[in-house]
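J.: Top to bottom, those sequences are chains A and B.
Residue 67 in the numbering used here is what sits at position 65 of the first sequence, and the numbering runs on without skipping anything.
Residue 289 in the numbering used here is what sits at position 22 of the second sequence, and the numbering runs on without skipping anything.
Source of the hints: derived by calculation from the structure; they are not laboratory data.
Only a predicted model underlies this, so the values are computations on that prediction, with no experimental measurement involved.
When the alpha-carbon atoms are kept at most 35 Å apart in a straight line, the in silico DSBU-like pairs for lysine-lysine are as follows:
1) K1286(A) / K322(B)
2) K1103(A) / K1093(A)
3) K273(B) / K289(A)
4) K319(A) / K273(B)
Residues per chain are reported as follows:
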Amino acid sequence: MTIESLGLTRSQSLIWAGQKIEPEAPLYNMALRFDIFAALDEDRFQLAFQKLVDDSDAMRIFFECDESTPRQYVTPSLAYDVLKIDFSNEPDAETCAEEWIDRRLTHQFDLDRCTFDSALLRLSDEHYVWYFNQHHIVTDAWSSSIIFRRVADNYARAAGSNEDHCATVPRFSEFVEYEQTLKARPGHADAVSYWKKRSPSDSAPVRFYGMRTEAAGARTVRVPRRLGARRTKRLEEIAEQDGIRGISRDLTLFKLVAAALFAYLFRIGNGHSVVIGSPTHNRSSLKFRDTIGLFIEMFPLRVEIDDDDTFRELLLKVSNEANAFLKNALPGASTRQGALSYNVVLNFIHARFGDFAGARVVTQWLHPGYGDPGHHLRVQVLDLEDKGDLLIYFDFNESVFGPEVQQSSVRHFLRVFDAMIEDLDSMIRRVPLTSDDERETLIEKFNRTASVPVDGEGTVMDLFARQVRLNPDAEAIREGRDALSYLELDQRSDRLARKIVCRGIDGDRPLIGVCARRSIDLIVALLAVHKAGAGYVPLEPGLPERRLDYILQDTAIGLVLLQADLAELYRHRSQSVLYIDQPGASAEESEMSARLPKVAPSSTAYVIYTSGSSGTPKGVEIDHLGLAGYVRWAIRQYVKDRRLRFPLYSAVGFDLTVTSIFVPLCSGGAIVVYPEQAGGIDLSVLDVFHDKAVDIVKLTPAHLQLIGNLDLSDSPVRALIVGGDDLKTSLAARTLDVFGGSVTIYNEYGPTEAVVGCMIHQYDPSKDTHASVPIGKPADNVRIYVLDPDSNPVPVGVNGEICIARDGLSRGYLNRPDLTAEKFVEDPFVPGGRMYRTGDQARFVDSRTIVYVGRSDDQLKIGAVRIEKAEVEQALLSHHGISACFVDAISPGKKSEDANLRYCVRCGLASNYPNTTFSDAGVCNICTDFEKYSERARSYFSTMDDLRTILYKLSRRKSGSYDCMMLLSGGKDSTFALYKLAEMGLEIYALTLDNGFISEGAKANIRRTVSDLGIRHEFATTEAMEAIFVDSLNRHSSVCYGCFKTIYTLALKIARENGIPCIVTGLSRGQFFETRLTREVFDGDVFDPEKLDREVLDARKVYHRVRDAVTESLDVEIFRDDAIFEEIEFVDFFRYCDVSLSVIYAFLKKHAPWVRPEDTGRSTNCLINDTGIFVHKRKMGYHNYALPYSWDVRLGQKRRDEALAELNDEIDADSVMRILKDIDYDDADFYFEEGSRKLAAYYTADETIGVADLRKHLEKWLPDAMIPSYFVSVDDFPLTSNGKIDRSMLPHPLEQRPELAQPLALPESPLQEAMAKIWRDALRLNTIGIHDNFFEVGGDSILAIQIVAKANDMGMRITPGHLFSHQTISELADLLGSEREGPSNAPIEPHMRPKEDLEVDAQPLVDLDEKTLGKIAALLDKSQ
Amino acid sequence: MPHDMKQNLADFVYQELLDGRVTISGSDDLLVSGLLDSLGVMRLVAHIEQKYGVKIPPEDITIEHFASVDAIAAYAGNLLAD
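I would like the entire structure built from these sequences, with the hints used as guidance.
T.: Here you go:
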């Protein structure tokens, strides 16, 4: 008899691979325990079992690896002795058996010998346990039931005889072969393509309760839960209902349980599209239903759940999906992509186990404590003994689910399940998930804040008065050289208040407008309004005219307090005006005697306008109770009993500023005023930090971004209160760094409606690792709920809406009773209380901390300003030329899908590569240009003979044993070069930089080749590599740049130490064209290679002197002077060797022990390479290999399709994230966030409307922050099938040049080009004209700061002020040009100085001629 | 046509799903008897769709339509006639 050899089925291969990844873990042990209550004949049992082994080929299968491919073999005979153990004499036989089984359960099978383990335990005369464990690779649940039945039948029949009563079990090998033959059948390809379509690569696995799920281990915990007879019966009744009943009971039950599981996952997960995996039994014919072996195969089920779906609607979707699933579940048709698309598995086990030769049996499926790490939750439904009581095993991955979450998950699942069987027509999202205990924790305990009595102290004016009494002479406010003491401020505001009172104040809740720049006057006015018993309405001087019209009309303000020099603003308005301070004007007697009222806590303190979804802004009314409540809490939280100085630098119409005004004045501190700056954009916040005059700053995340490049380690500011927008952890970490670690960062959350701030979290870098810094816990006297739409609390980890109840919650929106009623509702947990529904989505990360998630509606926040799109759209539509419009927030970093790109028909260069244009024939400008100069470029190249001559000549200069050093990457090119150098008989020193990420395959290649050639080789390393990567990513959005500089630095140093006169590089011809032989070089009539060589050498000198992580971490003493560059020359091998790719491969195949590494991306040896590509794409919007590869194609080193395939390879974001974290890349999170979002306006217009015109129009209606950054004219709006605007089909604003008044003018001088490059990078534009206006192409203050910082890095001395006054590249370049000629260079503004000075030691960059500057700009950009 | 179809379906069930082990007549029950389970029915559906170029909507996959070869042929015949 021969041993039969077979391949593996699809499922077997997956299990094989899974086991290979976790060789030590018993992931796939399928163990059963049969308690047989009878006196068994042990010998007879042995015979029965052996007969099973004899009858079934699957029992005799073993596995061996043939090269790297596993194969299975069926041995003709296998004698198996069932292990027999007698525990019946033990005092506690059951415990002994259990312990024995527990130990045995994790048995690791040697698959090359035997796939199962069978034992018979005797617990008593009448009680045996048959323990049977088999590796999943040859069995499944159905198969186990056949095994059980077979052994039981054999036992019953045998009665000592050897007669074969029972037909041989059908052979498993038939199924293995059947699966093979299926592949050739017509339906198979359709099925495979169905599964491919069904598992798009973007489908997200379920993120349970907001928990991270990457890098799960293999340990699992099984939580069993019986559904009970009642639930099971109910389920079965539903399964019989008309419209529900399917072709089989099993299938219908499966669909019902699947629907409940989908609904549960939808409720606690992260999206509307939910995917689970499920096995199909694959026993499609009678014969296979009797076969022992592994048949099941897993396929994904994917359902789109809508918010308003009922269980019945979901069930229909599940039913259709399940039918399609079965139809396409052909053996062998599953895909790897499919297996990766789910992390939840539903396994409905229909197998039944009966009695054993008439004896009663209890069957248990044992859990080995391990499972496939990709399956975070497995829900196994079974009723092994057909009891009418379904048992569910929840197998939880331990690294994803902690013990508490395991319990609550089961509870939540059952709540959803019960709601479903209770009423199929109930809405899924309406099922209350939380239990009473959870409610107690999340509603009551969480909101048990320090309750500060609200009595006595009254309004903020009472608190202020107290400070006046306590410290009359202390400084209360300072504006430049002017300052007022508490007493003076009190008196001045009293005086103004009396004047107001004399004018007469009427109405129930009187309002007074205040129009003043940030100044002492402003504060005097605000206090006066309060003292006069009115509420203030901020009317900043810069308010757009139409907006001011609206606010004045909405508030019906009769009186405006005005700074005298702003009189013009109100000259033609109907409001009466009172000047805040007219020097010399003395108060009249009647005014002095006017009595100031006692202000009640219920009177209005202020009305602040925020963006409104109806298209007009809405006024939020806050009373004194709320204001004083916030201020008292803020003092307790931030100030305690100190006297702190707060800056007043932000708009008073923004409620963030309330903190900076009232907190110091009510606690004896002081306000330091920073007036508005002239020009469009107010960067006063920079002055605040530059000035060192304050102790604490209230600010927004956008402000933090502005100061992200400063060094504030010696700043007196000790605390930052961040409010207004979601604070990303990466930004908080960077900020901490800016302050050298010595600043406390408070994240304060609170919408205007709930009075400035009502939640607080102190940032803790060691604990706060979510993408966003938590918003924490409630402030004093505040209750925070996270609720579902039915006002039920959501469990920990599940997103819900933040609802706020507090003392002094806003009364509502002025003149908007409808909207007020909608947003301010009854507090479901405090009878008679009111609650504000914020529309903000959040979740508990644990029972004590909330983290902000996003918005549930259209509201946007940009730079902490609330923006309702409707308002922007209404303003746009008021422009006569615009017929329709749509406003959206976009992330400039996320460019359009690659699908929308164009590729050069020749070289494959993508249209998103900067400055790429295409001819009508689809040929890119680089290809077109190259045609013109390729001939002339030939003179740059030379022959191998020349190379030989050069190297021999240089070798005479050697002072050690080596003629040259070869930089060996281990790739095909450098390996080829190494062999050629060796052929020349040179003594070579080969050097490879081991950056910590070189693949093992590549290292093995290197070791083999150098040993084959017998040459000296070193792996150079540096401990600073991670810091260098981080620095390189920060500066160049690439890892390669830092790596290259490290290689060159180390190589030069080692070469000098060893007296080696030259270094040979393996740079490709493509790289020469990319970095050196650029179009401009051929602009003149004559191309002079020697001149180019000199320029490259000059650039090299500068390159090594640009200070960065390489120069900081490595010994760069050798670059002190230029001697090293004369002593050691660089020779580029491929400048002399013209060789095609196929020749290289053929050569290596024949002569070298070199093989293509399989453990990296396609054409790299470096495992961190993908990370660099990923970051570059995210940051710069295009692939950093786009240009290099286009050159490879242009020069015939790569095929176009090869290059495109490689460039469009999907990069696994998870592994990138891991590497970024590993190398301590601070900004790692940044690339996984949406980035700073900006407003884009799409419009259709009857005529061409310029961006400048549109901006001008909008400026009349909207504050600066609400004016879109991008304007995109479209012919019409693409619609979805639902008739909504299809956002995915709208062009990305950065794809097309906006309608600008001036035609595109490309840079002419190198300085303009250098500046244009900086602009392009910052603005993420492919193309920019030198006359394009900064603001019209999407510029804003943060980008201005980035551009200035980058320009300063390159030695161009400009400030944000310069950029605001010179808004085009051309103007800026002119400015720089003229300044450079002038006697004195404008100094870099102190507060703009980058953290690490990027000056060049030897030669300041700014002194280089423009040509070299341009060259360096190019060189710095090239990272290959 | 319907007759051919009936024969073809009967052959498919007999050969592919029952491995030629159980002989069935056109009116024999396939589902309640357990001869075919849901996977078998779906294989049959896929076969009909492929062979006759029709699309069987999921809501049509009911016990009534798939109870026997006769029932299936009647259903599929109607589908073709439409």
